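Student: Chains as they are written, first to last, in the numbering used here: chain A, 1 to 190; chain B, 1001 to 1175.
In case anyone wonders, no lab produced these hints; they're calculated from the structure.
None of the hints are false.
In the DSSO-like style, the derived pairs of lysine-lysine whose C-alpha atoms are separated by at most 27 Å in a straight line are: (1) A:144 - A:51; (2) B:1094 - A:51; (3) A:51 - A:10; (4) B:1094 - A:10.
As the structure is a prediction and not an experimental result, all values here were calculated from the model.
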Amino acid sequence: MSDTGEYRGKLSLAQLFIIFFKAGCAFGGGLGVLGLLEEELVTLRRIFPDKELVTLWSIGRIMPSGTMSAVAVAVGYRLCGFIGTIVALVAMILPGFLCCIALTIGYTYLAHGSVLDYIDATILPAALGVVIISAWRLGRPIMKPSRDLLFAILACGAAISQQVNPALIIFGGGVIGAIFLGGKKEEPRG
Amino acid sequence: MNLFQIFVVISTYNLLAFGNGSAVLALLQHRLVTDTGILNLNQFLYAYALGRVTPGQNNLWLASIGYMLHGWLGALVAMISIQFPGYLVLPVLKGYERVRNVRAVQGAIRGLTAASVGLMFAVVVNIGREALTGLVPWIVLLSTLALVFLARRGLLTGMVGATALGLVLKFILPI
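So here's chain A without its partners, still in its complex pose (with noise of 0.2 Å):
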């Protein structure tokens, strides 16, 4: 990872509200986010490295917080210092936000109807997608024989069997990590 000085610059504020507010519009939680920002800032613009945004997410994973708060606020000050942090914020929260308080509103002829069962039924499904192809592109690194794989193999095992709290996996695969992959970094075998 790099120093803040080498983003700043890259983005008006204007650009990196967009770019958040489109984040904001992905379904599938915080990963269906975090591909969104993934496309927009690693493969579109060429901003920041995939490991790079992989690695705020992991640090933001960790943090007493939403992760996705944790990387708007990282992201946001890396590309426009603090009040990009604040225009990161909003723009990312404003689409759900006002989804969130327009169903509420309608909370008397919603709740007892279908409508929430079709939005279920295609959805979240399509958020699926989104959080598959945000989870390969991100991984992709990784994806190679490697004991960064099988670590990662490991993770969502235990985190499959919904066992083990997710911030403790994270957690544990950092000092793990820092016993185990401390050294020169492996050569992919094959």
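Given chain A, work out where chain B should sit, using these hints.
Tutor: Here is chain B on its own, set in the frame of chain A:
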């Protein structure tokens, strides 16, 4: 519950739960429904369900709780309560910049990254269990992947296109 109490309750539970949505859900349900009866269970679960069907982060459902408790101001206060701890990442990143060349720290970041990638795929499995409950959801999922990977559309276009197809299928197919 006044605005200050909304702020204190939501931010405290959010911090205690380390942003873990399920834990916040359990704590808030106990406080707002079981203990005080400020909201009934239907209202509470409806607000939580909104987090699944609205865009953005999952924890935005707390805006709905804030709105139910105190209107627009309540929603705004709820949002501020869950967003401000995100600023704790700034001192952490500053500290990280100082030690990022230390081998153990590089190893820790590799470990964090690997664990995060594993968690992403676990999320895929967990959402998949809930979402893929019939033919239409499978078609929507495969259409999203096809639009992005084969037709090379953006993620947002892929998602909106596949969702529209799903809605059409849901109306015309008796499944």
